[in-house]
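Undergrad: Each chain is listed here by its residues.
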Amino acid sequence: MAEPQRARPKPTPETQHFWDGTKAGELRLQRCDACAHVYFPPRPFCPSCASRKVSIFKASGKGFLYSYVINHRPAAPGFTPPYAIAVVELAEGPRMMSNIIDCPQTPEALELDMKLEVAFQALDDKITLPVFRPAKG
Amino acid sequence: MRKNQVAVVGAAETTELGVIPNASQLQLHADAALNAIADAGLKLSDIDGFATAVETPQQVCHYLGIKPTWVDGTSVGGCSFMLHVRHAAAAIEAGLCKTVLITHAESGKSMIGKAPRSIPADSLQGQFEAPYGVYGPPSMFPIPVLRFMKTYGITHEQLASVAVVQREWAAKNPRAMMKDPITVADVLNSRMIAYPFRLLQCCLVTDGGGALIMTSADRAKDFPRKPVYIMGTGESVETPMVSQMETFNSSRAFKTAGSLAFKEAGIAHKDVDHLMIYDAFAHLPLFGLGDLGFMPHEETGKFIADGNTRPGGKLPLNTNGGGLSYMHSGMYGMYALQESVRQMRGIAPAQVPNAKISVCHGVGGMFAASGTIVFTNER
Chain A
1 MAEPQRARPK
11 PTPETQHFWD
21 GTKAGELRLQ
31 RCDACAHVYF
41 PPRPFCPSCA
51 SRKVSIFKAS
61 GKGFLYSYVI
71 NHRPAAPGFT
81 PPYAIAVVEL
91 AEGPRMMSNI
101 IDCPQTPEAL
111 ELDMKLEVAF
121 QALDDKITLP
131 VFRPAKG
Chain S
1001 MRKNQVAVVG
1011 AAETTELGVI
1021 PNASQLQLHA
1031 DAALNAIADA
1041 GLKLSDIDGF
1051 ATAVETPQQV
1061 CHYLGIKPTW
1071 VDGTSVGGCS
1081 FMLHVRHAAA
1091 AIEAGLCKTV
1101 LITHAESGKS
1111 MIGKAPRSIP
1121 ADSLQGQFEA
1131 PYGVYGPPSM
1141 FPIPVLRFMK
1151 TYGITHEQLA
1161 SVAVVQREWA
1171 AKNPRAMMKD
1181 PITVADVLNS
1191 RMIAYPFRLL
1201 QCCLVTDGGG
1211 ALIMTSADRA
1221 KDFPRKPVYI
1231 MGTGESVETP
1241 MVSQMETFNS
1251 SRAFKTAGSL
1261 AFKEAGIAHK
1271 DVDHLMIYDA
1281 FAHLPLFGLG
1291 DLGFMPHEET
1301 GKFIADGNTR
1311 PGGKLPLNTN
1321 GGGLSYMHSG
1331 MYGMYALQES
1341 VRQMRGIAPA
1351 QVPNAKISVC
1361 HGVGGMFAAS
1371 GTIVFTNER
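Note that the protein sequences, when read in sequence, are chains A and S. If you use this note's numbering, the first sequence corresponds to residues 1 to 137, in order. If you use this note's numbering, the second sequence corresponds to residues 1001 to 1379, in order.
Source of the hints: derived by calculation from the structure; they are not laboratory data.
Here are the simulated DSS-like pairs of lysine-lysine, each with C-alpha atoms no more than 25 Å apart in a straight line: (1) S:Lys1109 - S:Lys1179; (2) A:Lys115 - S:Lys1150; (3) A:Lys23 - A:Lys126; (4) S:Lys1302 - S:Lys1255; (5) S:Lys1150 - A:Lys62; (6) S:Lys1003 - S:Lys1270.
Could you build all of it, start to finish, from the sequences and the hints given here?
TA: In structure tokens:
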């Protein structure tokens, strides 16, 4: 029997651009053409002013560590504990859940407010996840 | 809604609480319902309004043989029952029904007749949270707490004291699952679950249920038990994704539900004799004390660590032992309501002397939803 797999996202018509973006090495957000609100997760209208005129753009990929837990048990399928489940605040404003790579999964190494940058982790030939690593410099 | 127009006239939990290997979830609903109906001195045929969560109203009504003219299947997590109380009060006042039964039951430990929770891969949670290793509430609910601690200067010891104080209350309660005294050191040395939270800062996992019966205040005086009046109510929802909360420094749903309930009741915080704040995890009483407006968030950790919420303290909180020590079947809100009703009836195992106003505050999901009920035993 195969090893239990990490949960795989299944895109919907409203989120396909996001997953196309990560596959191409881009973190894509949406901005309202009417009120300039930047938001996540994806949807074809502005959750702030309800305008349907919204644009997709490539985000900077910069952010900081807003909060996290280090999960010990029970571990999700496909994960080896302990591992951090983080929430990153992006430079453009929205926050997203993610994992922090290239960093010990310890309270000492995972300092709140530390600067992060996006990296891309291919799960298979369809899905690439955005994850974050400590920013260089 | 006008205050004190509707009352709780029946309240009971399942005959057993804890590990119940001999009953399905549906039967636990029935057990709680039959106990509440007996408590109110009613017959099943007297019930014309019905509310429940997770199980559908049609499932439980058919099993019990109830023929309702008003139903509410609001299912927003563990505080669904606070919302049912609010909705039932409005329905009774509007004349849609006369006598409402609200049931909760969960085979949370034994998992008999209970569907496992799952996150669809094409939901927003399935796409933007599940792939990062969230796996059940312990991996999700505590995610805001490190930010909350940093913002307000809350310490690990203060968060551990929440579990210690609630164990003191549980020790007075024969039906509590965990009654042995614990210390802050015991909490901080218990098994790590999801840093910063350890085993004793996470709720129990048990089987059980509870039910409430509500009717108009005018009819309530003819019932065998002391009526407990609905003085104020509030509800709200925010987001099913903990990562998408507006801030980790407070809960928007808590603030909305709490302020509505206090306003409707027309009370100040100093009027509150007894308080329940749904404690699935140790940080919730701190969020609750701050978001309900009892004190600035900065002071919440010290307030609990200093003993203000313990037996004999000035603000008795989670007096049944809470989800951390009393029981937690998965949707704890019903047990918080039951304890508020017991306190207002004057029959709680750890009774707060002369308590006249009880505030019962619930959470659903991971800060996804909230409901607040203000009870009083004086009309």
